[in-house]
Amino acid sequence: MGQASAVGVSATDHAVDCRALTKTFEGGTVRAVDEVSLAIRSNEFFTLLGPSGCGKTTMLRLVAGFETQDTGSVFVHGQKLDGLPPYRRPVNTVFQSYAVFPHLTVAENIAFGLEMRRRPRAEIATKVAEMTALVKLTGLEARKPNQLSGGQQQRVALARALANEPRVLLLDEPLAALDLKLRTEMQLELKRLQAELGITFVFVTHDQHEAMTMSDRIAVMRAGKVLQVGTPAEIYDRPASLFVADFIGETNLLPATRIGARRFRLANGAELEAAEEGTGERVTLAVRPERAALVAPDGEGIPGTVEQVVYVGADTTYHLRLAAGLRFRLREQNREGSVVRLASGDAIAVAVPPAAVRVLAE
Amino acid sequence: MRDQLRRWGLLSPALAILGLFVVAPLGFMAFVSTLDRGPQGTVVWDRHSLDAYVQFLFERDLMGRLTINTDYLRIFSRSILLAGLTTVLTLLIGFPTALWMAFQPLSRRGFLVFIVTVPFWTNLLVRNFAWILLLRDGGVIDSTLRGLGLTSGPMEVLYTPFATSIGLTYSFLPFMILPIYVSLEKLDRRLIEAAFDLGADRWRALRRIILPLATPGIVAGAILVFVPGLGAFISPELLGGAKSMMIGNLIQEQFGQSRNWPFGAALAFVLLALVLLALWLHSLRFRRERAQP
Chain A
1 MGQASAVGVS
11 ATDHAVDCRA
21 LTKTFEGGTV
31 RAVDEVSLAI
41 RSNEFFTLLG
51 PSGCGKTTML
61 RLVAGFETQD
71 TGSVFVHGQK
81 LDGLPPYRRP
91 VNTVFQSYAV
101 FPHLTVAENI
111 AFGLEMRRRP
121 RAEIATKVAE
131 MTALVKLTGL
141 EARKPNQLSG
151 GQQQRVALAR
161 ALANEPRVLL
171 LDEPLAALDL
181 KLRTEMQLEL
191 KRLQAELGIT
201 FVFVTHDQHE
211 AMTMSDRIAV
221 MRAGKVLQVG
231 TPAEIYDRPA
241 SLFVADFIGE
251 TNLLPATRIG
261 ARRFRLANGA
271 ELEAAEEGTG
281 ERVTLAVRPE
291 RAALVAPDGE
301 GIPGTVEQVV
311 YVGADTTYHL
321 RLAAGLRFRL
331 REQNREGSVV
341 RLASGDAIAV
351 AVPPAAVRVL
361 AE
Chain B
1 MRDQLRRWGL
11 LSPALAILGL
21 FVVAPLGFMA
31 FVSTLDRGPQ
41 GTVVWDRHSL
51 DAYVQFLFER
61 DLMGRLTINT
71 DYLRIFSRSI
81 LLAGLTTVLT
91 LLIGFPTALW
101 MAFQPLSRRG
111 FLVFIVTVPF
121 WTNLLVRNFA
131 WILLLRDGGV
141 IDSTLRGLGL
151 TSGPMEVLYT
161 PFATSIGLTY
171 SFLPFMILPI
181 YVSLEKLDRR
191 LIEAAFDLGA
201 DRWRALRRII
211 LPLATPGIVA
221 GAILVFVPGL
231 GAFISPELLG
241 GAKSMMIGNL
251 IQEQFGQSRN
261 WPFGAALAFV
271 LLALVLLALW
281 LHSLRFRRER
291 AQP
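In order, the protein sequences belong to chains A and B.
When you line the first sequence up against my numbering, it's residues 1 to 362, in that order.
When you line the second sequence up against my numbering, it's residues 1 to 293, in that order.
Hints were generated in silico from the structure; no laboratory data involved.
No experiment lies behind these values; they were computed from the predicted model shown.
Built from N, CA and C at the ideal position, the CB exists for glycine as well.
Check the hints yourself; a few may be wrong.
As the list claims (entries may be wrong) - To spell it out: a stretch of chain B is covered by chain A in this simulated footprint if at least three of its residues, at any positions, have a beta carbon under 8 Å from a beta carbon of chain A; those stretches are:
hint, region
1, 24 to 38
2, 199 to 209
Stated by the list, open to error - To give a feel for the contact side, a few chain B residues facing chain A, derived at Cβ under 7 Å:
hint, residue
3, W45
4, D46
5, P212
6, P216
What the hints assert, rightly or not - With beta-carbon atoms standing in for the labels, derived distance ranges:
hint, chain 1, residue 1, chain 2, residue 2, range
7, A, P85, B, R109, 22 to 32 Å
8, A, S97, B, F111, 21 to 31 Å
9, B, E156, A, P85, 45 to 55 Å
10, B, W203, A, L197, 30 to 40 Å
11, B, L284, A, G139, 26 to 36 Å
12, B, W8, A, A129, 53 to 63 Å
Only chain A is shown next, with the shape it has when bound in the complex (with noise of 0.2 Å):
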């Protein structure tokens, strides 16, 4: 590509290196974007994860150059990005709606970024049945987008950015229109696309299914901020706050008071010792539903009754009354196959061991 090689290169190989990028709206009063930086490895899948309106499109708008910071820098594999217009950038798009063109066909659209750098013919032509195999729609280079399902023109889509053999992969919600089943099938497409071809994807999304599936990191974004950046299992096991804790997968969040070094008592009185110490007096406890256990009323635990079993195949989901309201909900393999055990009005007590409690502060 020789742009690596440009002048003002910087000694970092990361391959977006975003540095408090900050990006406000309609006069400074919407702040879309506050103070980010972000480090994303060269080669990786790199997600930024967020309820909409956190940012996370606005950042990769910013990397992209559809959208212009206010303060803030913008580098991919070193080279900056700052004040150069989308065409001049060597990162591609692969946008939410697709934004295939309609009047071309599937060769014309995947095609069009080649020609727009002048690629010789024979090059365009090779490159064009390249991508059409690897995003399987071969057979298909002369249809018009009208003439193709959304799964097939989110491939085209796809083959349309990859074919300039971008560095960085842009990807704002790629998969949202698709359903269910499709989906699951783009998510491991993707995947296994971004494992062969050995660029880096930056991928925009607000399905924490998805997030957890698909990446090597996880950034999860509030407000414009970032909140935690980390692989899937540092996210679901080690939530640095209550908002990460609580929006990725289920979580019980419990307020209580700290009466020990790992000891806490919980608003009903009961005590629960966690593995780690934490910071504070108040604290929030948030344990996992499948990381609890249900143990006989009298055995040791946290006392309640059953409100509700609900019976999920692979699952079962018990919602619990602890003592003084408190409610809980536990997560049961069926590994006996769908022997309920219990029914609702059951008495029964919930062994929660201390590693499964992540102490967080108010």
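Mind docking chain B on chain A? Use the hints.
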């Protein structure tokens, strides 16, 4: 049977309107065009001839022989040329205008559309008369140019085909802007972003993405300008003077001073035939384009 009745019953209001306002007047015109001209400028209702159509191409010399007369053909070709020029000029002005409008914030667009339609609130005659005041020697533009020392003598624009095309372009500009604006406004902005993303600069995004997708609007605008432009008679009458007579003026004259209704009706039909031919050719091309895989 009942379904048939029902269908015709429901269609009848539309059919009645079409019959009353399209078929009947056209039929009457067609009938008149085949009549003989009466002595007092009326028609003789029971004497048929095709003289009116013959008159379009030939004239009878003193000896009663038919010789080719290209006067009317020349007026027709001038009209086609002027209408074509008007179409090109309105497109050149209208497309950038529509593009600019379509990219304004949503809140401002409604106002801009209103601005474009404001001229409709004033009579066409009055607006063309205003152009006389602007264009005439010693008028606003002429005296300004002379005052600035840019021209020395009178600019002599009024009563030329050029003045006619200015008037026509001005009159028909909204008909070009509005359909193009409509097609550009509903164009998905992300397609343009995608073009930029794939390495197209502004010019190439315009040529490869925006223009092709705005084509239906451009075609609609071209038809809306060209067809009425062919039959326009106010602008050439007021601004063009005798030298740039157009079909519209010619036809109007037959029903007015010349009192030759059959010829006027025949001219109107030749014009109609031309327009239909042009539309038919266009639809053929369009169909062929769509038939391509």
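Requested in this report: Could you tell me which of the hints above the structure violates, numbers in ascending order?
Outcome: The structure conflicts with hints 1, 3, 4, 6, although it agrees with all the remaining ones.
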